[in-house]
Amino acid sequence: MNIVVCVKQVPAKDAPLAIPEGAAWIRETDIGFELNEPDGYALEEALRLKEKHGGEVVAVSMGPERSKQAIKEALAKGAERGVHISDDKFYELDPLGSARCLAAAIKREKFDLVLTGLQSDDHGFGQTGVLLAELLGLPHATIIMQIDAADGRLKLKRELEAGWFQWVELPLPAVLSIQSGINKPRYATLKGIMAAKKKEIATLTRAELGVTVSPTQRIERIYVPKKTKKTEILTGTAKEAAAKLVEKLKHEARVL
Amino acid sequence: MDFSFSDEQNQLRRTVREFAAGEIAPHVMEWDEAAHFPAELVPKMGELGLLGVIFPESYGGAGLGYVEYVIVIEELAAVDASIALSVAAHNSLCSNHIYKFGTEAQRQKYLPRLTSGKMLGAWSLTEPGAGSDAGGTRTVAERRNGAWVLNGSKTFTTNGHSAGVCVAMAVTERDKGSHGISAFLVEHGTKGFRSGKKENKLGMRASETSEVLFSDCVVPAENLLGKEGEGFVNSLQILDGGRISIAALGVGIAQGALSAATKYSRERRQFGKTISEFQGIQFKLADMATQVEAARTLTYRAAWLADRGDARHTKESAMAKLFAGEVAVRVSSEAVQVFGGYGFIKDYPAEKYYRDSKLCTIGEGTSEIQKLVIARQLLGIR
Numbered sequence: 001m002n003i004v005v006c007v008k009q010v011p012a013k014d015a016p017l018a019i020p021e022g023a024a025w026i027r028e029t030d031i032g033f034e035l036n037e038p039d040g041y042a043l044e045e046a047l048r049l050k051e052k053h054g055g056e057v058v059a060v061s062m063g064p065e066r067s068k069q070a071i072k073e074a075l076a077k078g079a080e081r082g083v084h085i086s087d088d089k090f091y092e093l094d095p096l097g098s099a100r101c102l103a104a105a106i107k108r109e110k111f112d113l114v115l116t117g118l119q120s121d122d123h124g125f126g127q128t129g130v131l132l133a134e135l136l137g138l139p140h141a142t143i144i145m146q147i148d149a150a151d152g153r154l155k156l157k158r159e160l161e162a163g164w165f166q167w168v169e170l171p172l173p174a175v176l177s178i179q180s181g182i183n184k185p186r187y188a189t190l191k192g193i194m195a196a197k198k199k200e201i202a203t204l205t206r207a208e209l210g211v212t213v214s215p216t217q218r219i220e221r222i223y224v225p226k227k228t229k230k231t232e233i234l235t236g237t238a239k240e241a242a243a244k245l246v247e248k249l250k251h252e253a254r255v256l
Numbered sequence: 001m002d003f004s005f006s007d008e009q010n011q012l013r014r015t016v017r018e019f020a021a022g023e024i025a026p027h028v029m030e031w032d033e034a035a036h037f038p039a040e041l042v043p044k045m046g047e048l049g050l051l052g053v054i055f056p057e058s059y060g061g062a063g064l065g066y067v068e069y070v071i072v073i074e075e076l077a078a079v080d081a082s083i084a085l086s087v088a089a090h091n092s093l094c095s096n097h098i099y100k101f102g103t104e105a106q107r108q109k110y111l112p113r114l115t116s117g118k119m120l121g122a123w124s125l126t127e128p129g130a131g132s133d134a135g136g137t138r139t140v141a142e143r144r145n146g147a148w149v150l151n152g153s154k155t156f157t158t159n160g161h162s163a164g165v166c167v168a169m170a171v172t173e174r175d176k177g178s179h180g181i182s183a184f185l186v187e188h189g190t191k192g193f194r195s196g197k198k199e200n201k202l203g204m205r206a207s208e209t210s211e212v213l214f215s216d217c218v219v220p221a222e223n224l225l226g227k228e229g230e231g232f233v234n235s236l237q238i239l240d241g242g243r244i245s246i247a248a249l250g251v252g253i254a255q256g257a258l259s260a261a262t263k264y265s266r267e268r269r270q271f272g273k274t275i276s277e278f279q280g281i282q283f284k285l286a287d288m289a290t291q292v293e294a295a296r297t298l299t300y301r302a303a304w305l306a307d308r309g310d311a312r313h314t315k316e317s318a319m320a321k322l323f324a325g326e327v328a329v330r331v332s333s334e335a336v337q338v339f340g341g342y343g344f345i346k347d348y349p350a351e352k353y354y355r356d357s358k359l360c361t362i363g364e365g366t367s368e369i370q371k372l373v374i375a376r377q378l379l380g381i382r
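Which chain is which? The protein sequence lines are A and B, in order. If you read the first sequence in our numbering, its first letter stands for residue 1, the second for the next number, and so on. If you read the second sequence in our numbering, its first letter stands for residue 1, the second for the next number, and so on.
Don't read these hints as lab results, they were simulated from the structure. Among the clues, some could well be false.
16 Å max Cα-Cα, derived EDC-like pairs, lysine to aspartate or glutamate [claimed, not checked]:
# : chain 1 : residue 1 : chain 2 : residue 2
1 : A       : Lys-197   : B       : Glu-23
2 : A       : Lys-199   : B       : Glu-8
3 : B       : Lys-358   : B       : Glu-368
Can you build the whole structure from these sequences, using the hints too?
Here is the structure:
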């Protein structure tokens, strides 16, 4: 089973984020980057499927030169090769634009399955996987908690709300968005890290892929939410105040 | 001159950091309180390659150098210095002694098991009456019927209880002084070999430190490690590498303490602002960070020299060990100060760094012995 897994590089969780005044994105200088955590689960799932069914895992990422590191991590953990869509201005793309670029690169591959994380830890749109499936014209399922592959078909467990699950079946090829927590991602071994040095990373540009996109949405501004505090004194007798408090807890705070 | 790490070295650092965060961090205080060595980590670390960093792939190692080894120890120590210490004793003392001075048969017999984590290694030099002074060594090995018979006891052996093999120094020819001490491979379960009292320590509590005892312990002739009479001299070379790992341990502890203090200073509010906004705290953090960076630079330079192979690095290793050890104590003490009252209680991480740090100015040669080593190199005293 040949599997393409989409990996994104995002600012590290412990990175101190600075937002220039009125800017639409954080200041990227002086912060560390890491593999988007949800994509780590997709990568692990891809590696396990490969180990079970054979084939190869190809890690695809888009972004500036630094984003190759996310591919290298995938290679260190066991992916066979990488495809880097080199794009210094990828942050200007909306999810549709990203999906178009990824789809163009993935179409060049012979694959049975495409896996993505559920969402990215930076923008968190959660749309790229869905749009990618549509652009590739393939069946798609989201929030996957278990994959059973047999005879060219997939039996999938999806997580619904409130502790409910749903089983669905899809034919291959397909695109899946993997739920975080589906597995315990492995650590890259020292040998894996050294072996990754010899693995191939192909570089493509947006122009080479023949993708021209104009954004359909634009981020105007990002900001840290302002903390606000409102104090209200409840008046009346103790009984009246308690009744008012219960009302507020029920309908405003919604904790009752 | 290039001070940058390669992509692979950065990836290695991230891997060890992730491993430490996932497998070690949740248990640090539990292991420390119970003085419990988590033996279950050993095969996991072996699988990752952390137990054979500096050994060739033909022995199951990762085939990397001291720079990578320092990265591993530093990152483990930043989370739990006890684990880093056990890994250091395993790698650069026990396994390295076998690798550097063992016969091909000895290497083949032990290294694959040590590098894969199927077996933990210990190294025993210190005795109640002999530490830096080798002349006080009382443990003896005598030839009898084509085998060696060991008698005596060793103290302060890291991994002394859990190790599958122990490299132990014993006197084979009393009147030859430091050239009359030999190294032996003693396997766990050998008759007459047992581990004694496990020490109850100030810090590094999750790392085992214990006595190992020999009572008419018979080991076959082929368990002599290195040339007869050269065990102590070989040990000094082993310690050149060992010192780099203790320096890395110091850097890791200091970095861990600094990171904890920095984070806390941004959270703790007094007089309407975070304490990180006070210059008194800022100056402390700036001093701590500068010391950590200086210690790190000395340590990685010593590691770089060790990797070049041709260069002697006795002086630089001793300098790195001396400086990084002292920095670990100073910086972790300052971290406790930044935490204030919370620095003194076990619900916060600062006190453990402080307790663990003190080992770095003592283990594998005290700071004072490092100064002797450095002075001898400076003055050309042999």
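A quick look at each hint next to the structure:
no. : hint                  : in the structure
1   : A:Lys-197 / B:Glu-23  : 27 Å, violated
2   : A:Lys-199 / B:Glu-8   : 13 Å, holds
3   : B:Lys-358 / B:Glu-368 : 14 Å, holds
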